[in-house]
Amino acid sequence: MEIFNMILMGFLVVCAISVSFSKNLLNSILIFMSYSLIMSIIWILLESPDLAITEAAVGAGVTSVLFFVTLKKIHAMQQETEEEDGNEPYQKTK
Amino acid sequence: MSRIRKQSEYEKTFAYRFFRWMGGEKDAFVGNMEMRPQKEYVEEEATIEERMRDRRQAMEEVYDSGHNRELRFFNWLYRCFSIIFCIAIVAMLVLTVSYLPSVGGEDKPTNNQVSETYITDGLKDTGAVNIVTGMILSYRAFDTFGETNVLFIATCCVMIMLMVDEDKIRENKDSNDRMFEPKNDVILQVVAKLLVPMVFLFGIYIILNGHLSPGGGFSGGAMIGAGMILYVAAFGFDRMEKFFNEKVYKCVKVTALICYGCIVTYYFLTGANGLACLIPLGVPGRILSGGITLPINIFVGSEVACTMYAFYALFRRGGL
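These protein sequence lines map, in sequence, to chains A and B.
Read in our numbering, the first sequence has 45 at position 45, and its numbers run on one by one without any break.
Plus 94 on top of the position in the second sequence (first one is 1) and you've got our numbering.
Treat the hints with caution; some may be incorrect.
Okay, derived cross-link-like pairs now, DMTMM-like style, lysine to aspartate or glutamate, Cα gap no bigger than 20 Å in a straight line [said to hold, decoys possible]:
no. : chain 1 : residue 1 : chain 2 : residue 2
1   : B       : 106       : B       : 119
2   : B       : 341       : B       : 259
3   : B       : 344       : B       : 241
4   : A       : 72        : B       : 279
5   : B       : 287       : B       : 332
6   : A       : 73        : B       : 259
Just so you know, the hints here were simulated from the structure itself, not pulled from any lab data.
Remember, it's a predicted structure, so these values are computed and weren't measured experimentally.
With these hints in hand, go ahead and build the complete structure from the sequences.
Below, the structure is given as structure tokens:
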């Protein structure tokens, strides 16, 4: 169990560092999401399941969805399906 | 017997003017102030040339770090100061950590009688088996009330910034970016159909069982909000509006906050004055027990669920 804990902690550090070095905004949100998931597992190991539930619902779920919506609003996400619908594709910023 | 006044008579009253002013039909400045149409601004040739020259100079010379010595100096200074600031902040934080009491020490501030009282008397005072929920919802109900207010005010602020008028949504479809999505995604819809009821049920279970098992109003509410977001993402706002629209949102949110406030006020007033509280504590371990914990859990849960969904809806299309 100790080793498992250590591995999770290592993942946390790797995630936290790679978020700030990732050039793609979408990638950094996904890494942030995985950070929250690992954090919720750690909360369970620390015997606080209520925090784990909240972390999984808010950190991994709602916050990331809000980030995705914001990325979409500022047109930073690639749009591939537009042309099929007949709408004008957004300008790609990156 | 009431009589209907004539229109000309009614127009002189204060109420008529007030309601017109409220409705935005009357402009107070029309007739009282001289108004002229705005003149077109014509720029002279010389000023245009001067501006162009300034701009060219700015583009070519100011940011040319090879020749501009001041810029180079500034960059050097900027780097130096950023390093110094970083080191200073790190040093301050490390210094603060060194002043913290050691883990598990006897004179640690958390090792006082407050936490001991919570643990020993918690079940007797609050009737909640889950000490954490019992603590934050009855000993510290006032704190949690403030947090719930924060949620309420946060959604109000997001509404002020992002809310669009209903007719403007119809006019300007650009604000509703759901229009640009592939609608009726089969995979997403099937998954949502399977998952959403379970998510809702689990959230309700966590809220209702908050005083018995881990969880409580905030976790359960966040889960229900996430379920609502999943439902909207799969089926669209039209399906969602059948059971959760702006009217329901307003009712639920305001009712939850008011009921919470009333319950907490009653509980604290009776507790502070030594009066008998009419809310029974019940038998520990049953669903209908825990005194004020259960109703407050429900109100906090509905508040949080509404907040989560409102954030998503306001971000998505500027309306609920």
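How the hints compare with the structure:
1. Restraint check: the Cα-Cα separation between residue 106 (chain B) and residue 119 (chain B) comes to about 16 Å, which is no more than 20 Å; the hinted pair holds.
2. Between the alpha carbons of residue 341 (chain B) and residue 259 (chain B) the distance comes to roughly 15 Å, so the proposed pair stays at or under 20 Å and holds.
3. For the hint linking residue 344 (chain B) to residue 241 (chain B), the alpha-carbon distance of about 18 Å falls within 20 Å, and the restraint holds.
4. The hinted pair formed by residue 72 (chain A) and residue 279 (chain B) meets the criterion: a straight-line CA distance of about 18 Å does not exceed 20 Å.
5. For the hint pairing residue 287 (chain B) with residue 332 (chain B), the CA-to-CA distance comes to about 16 Å; that is within 20 Å, so the pair holds.
6. Simply put, residue 73 (chain A) and residue 259 (chain B) have alpha-carbon atoms about 18 Å apart, close enough for the 20 Å limit, and the pair holds.
In terms of the numbered hints stated before, the structure departs from none.
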